[in-house]
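Asks: Residues per chain are reported as follows:
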Amino acid sequence: MNPTDVVITGIGVVSSLGLGTDAHWQALTKREPMPVVDLERFSPYIVHPLPEIDWSTQIPKRGDQRQMETWQRLGTYTAGLALEDAGVKEDEALCASMDMIVAAGGGERDVAVDQTILDASLTRNDHGVLLNEKLTTELRPTLFLAQLSNLLAGNISIVHKVTGSSRTFMGEDGAGVSAIETAAARIRSGQSTHLLVGAAFQTEHPDMLLAYELGGYLQREKWSPVWHRSKELGGGVITGSGAAFLVLESRAHAEKRGRAPYAAIGPVISGRAKRKDSTLQQELACMAGSLAPKGEPVLAISGASGAHAPTAAERTALENAGTVVRGFNTITGHLKEAQFPFAVALAALAIRNRQAYPAFDPSSEKPFEGEPKAVLATAVGYDCFEGMGLIVEA
Amino acid sequence: MKTTDSFGRPLVAVTGMGVLTSLGQGQKDNWAALTGGRSGIHPITRFPTDHLATTIAGMVDFLPESNIGASALTFALADSAAEEAIAEAGLSTTDFGGPLFLAAPPVELDWRNRLKLYAQSDRSNGWRSLIEAARKASERDLFDEGQFAAIADRMADKYGIRGLPITLSTACASGATAIQLGTEAIRRGECDRALAIGADGSATAEALIRFSLLSALSTQNERPEKASKPFSKDRDGFVLAEGSGALVLESLDSALARGAEILGIMRGCGEKADDFHRTRSKPDGSPAIAAVRAALSDAGMSEDEIDYVNAHGTSTPENDKMEHLSLSTVFGERMRNIPISSNKSMIGHTLSAAGAVEAVFSIMTMREGVIPPTINYEHPDPAIELDVVPNVKREADVATVLSNSFGFGGQNTCLVMAREAG
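Chains as they are written, first to last, in this note's numbering: chain A, 1 to 394; chain B, 1001 to 1422.
By construction, these hints were calculated from the structure, which means they are not laboratory data.
Please note that the accuracy of each hint is not assured.
The calculated label-pair distances, taken between Cβ atoms and stated as ranges, are [claimed, not checked]:
id : chain 1 : residue 1 : chain 2 : residue 2 : range
1  : B       : Gly1126   : A       : Glu52     : 21 to 29 Å
2  : A       : Arg354    : B       : Asp1253   : 44 to 52 Å
3  : B       : Gly1036   : A       : Thr116    : 42 to 50 Å
4  : B       : Gly1036   : A       : Lys61     : 49 to 57 Å
5  : A       : Arg41     : B       : Arg1112   : 24 to 32 Å
6  : A       : Leu122    : B       : Asp1141   : 21 to 29 Å
Ideal placement from N, C-alpha and C gives every residue a C-beta, glycine not left out.
Make the full structure from the sequences, and use the hints.
Replies: Rendered as structure tokens:
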């Protein structure tokens, strides 16, 4: 026990399963959790869509909502859930001194404008002039801001008044790992006392799927659990929309305001294994080996993406380390930047509730007996970068 | 020599620097142009300018990668600055052995490639056809273009970066944030050295149009070199530009132990987010004021210890007014006499790179004892009473610098640098 231990005092989560921690805990502890999938809208691709959300419960001003597209709304909404859960939402002074790290991709492009340009490009050769012509007349000025990566954090500042500091990390799954790792390191070293950290991913947009499919990473046609993706159907990733934000505090800071934490964040390790050299499994085995406590069963909340090679490597590494694995992408789909924050959130919920999740995929995940005292959270990027953290009782 | 600051934290030294802007490649060329009051702003030739309100920019047009897309150019810019910085620091350019903090623009699949893929597709099914064509093309370079991790991953490979490299964006404050992250990592004792880079090669037609639609850009196209005029009455927006800056940050202890030359000290970093508006700052300037004060306080310095301000100075009506208001509030009457100049008057606004580029120039200012001017200062804004080092460089003994970076999304980050540790 140390006054600068990093404790989790607020959690906001959104996925196809619902809104908030209770909805997720209920859905994920059912005997056989059922994924929500949309097979039609983006066929041949499958997505786990957002549930219905009344944005105004966290983003009261219509004007603010209009300035954002769904990705920024989703992040701002989920950040609001986390702040509310931590009991800081109405505390102006706490929010004004609160630090923030957001892991972000980019926002949604205007599909209609882009399609107009694509269509027109087939009948003329002066593409440069075409771009100028269409973009100067068709683009909505505010759309630029809705696309800018750091404007999710910017909107959180505006809507929730979190203004201590604002940093945005970019870089897919790895950005989520770095966000949590840096946030925890800042608190542990006394550089920050309370901090909002998280990410959102909105997959229901052609460009979000395009980004994966440029690398051939998506599975087509059929849904299957994350451990049973088929090479014949593509690269193995099925995506989902979702978000996870956490309020982290130093133990001393949380105690001073009388908040009982969900859990504490223990060591976090990140890495950049050279994927081409197939050293990933070895690196992951090292990470899991050094983090997982010996002599007791350890639950692993795995952010395996379904991408064939890294998913197989992670599976082997985690099983060899003796952990009992739960691959949440079976239920939520791949949440990109939000993968690691989401894994940490689910790990913290299991610690708080003193209960492990039943198998998300009973055909390939073992039961977990007893109360989880330490839960390993992982995020191994579908293309690069990886990390793990140990979530423990506070 | 004392190697910790007044808070007992390790002092962070700068032991290597690299820079590339429209003025040239490397410290030497940039410094000659900058102190000569030369502008790098020129007419856009990379893409047609039909229908555009702004037809000038501070683009980097002299690299082999200048015409093959924002992602490739941003990598080339980061690469050039990193190589110069690491070489100056006397460290291995293949085994740097510390973390990387890279400030870079959010990049997307280039339009050229989007159009190429669509032309290859069966076109019967809109975006579905595009995605199918992308899958069939299976080109790694195109995939990388849309991945935010790709540039840092390549840099990490090439330079032997330790661990997972962090790519970040705090809009126009990104370069300063990269330096702040590196400084904090060294202070936490996680590493002896870190590489902080700001690089931006994203001056595409679409980027220009997007800023134009927000009325952020100067439209004074007739004389490009005159368009960026920070603190002038007739300023009308910033000039979009490209560039990169890299700094090798090192604990003073470790730098001294290996006999490295100390180029400067990163004394303090401060930040404060603004909750007022997505593109405008709070009318009372309180977030920028708080960021300046936070940087001073983190440096353990008082406001009368700052010798020179390297301004954010974008040349937009809003920024320059607010920067003046904030600085006058922090420094009071003394602000009239503190020299302040804007490198952007010559290089334009290098966006994600600006904070790092300007940190390099700030340290050169101290080392050379010469303050680069604010050029194009012909019609002073009477509401902004500042010593902007108008038009001509000035010799001066500068021991400390405050460098400001402010950005869309309420980003405010300030750095305090010193010539010497003591």
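Asks: Work down the list of hints and note, for each, if the structure agrees.
Replies: How the hints compare with the structure:
Range check, B:Gly1126 to A:Glu52: Cβ separation about 26 Å, and the 21 to 29 Å hint holds. Checking the proposed 44 to 52 Å range against A:Arg354 and B:Asp1253 shows it holds: the Cβ atoms sit about 46 Å from each other. Against the hinted window of 42 to 50 Å, the Cβ-Cβ separation of B:Gly1036 and A:Thr116 comes to about 46 Å, which satisfies the hint. Between B:Gly1036 and A:Lys61 the Cβ separation comes to about 50 Å, which falls inside the hinted range of 49 to 57 Å.
Here the CB-CB span from A:Arg41 to B:Arg1112 is close to 29 Å, well matched to the stated 24 to 32 Å. For A:Leu122 and B:Asp1141, the hinted distance range of 21 to 29 Å is satisfied, since their beta carbons lie about 23 Å from each other.
In summary, this structure violates none of the numbered hints.
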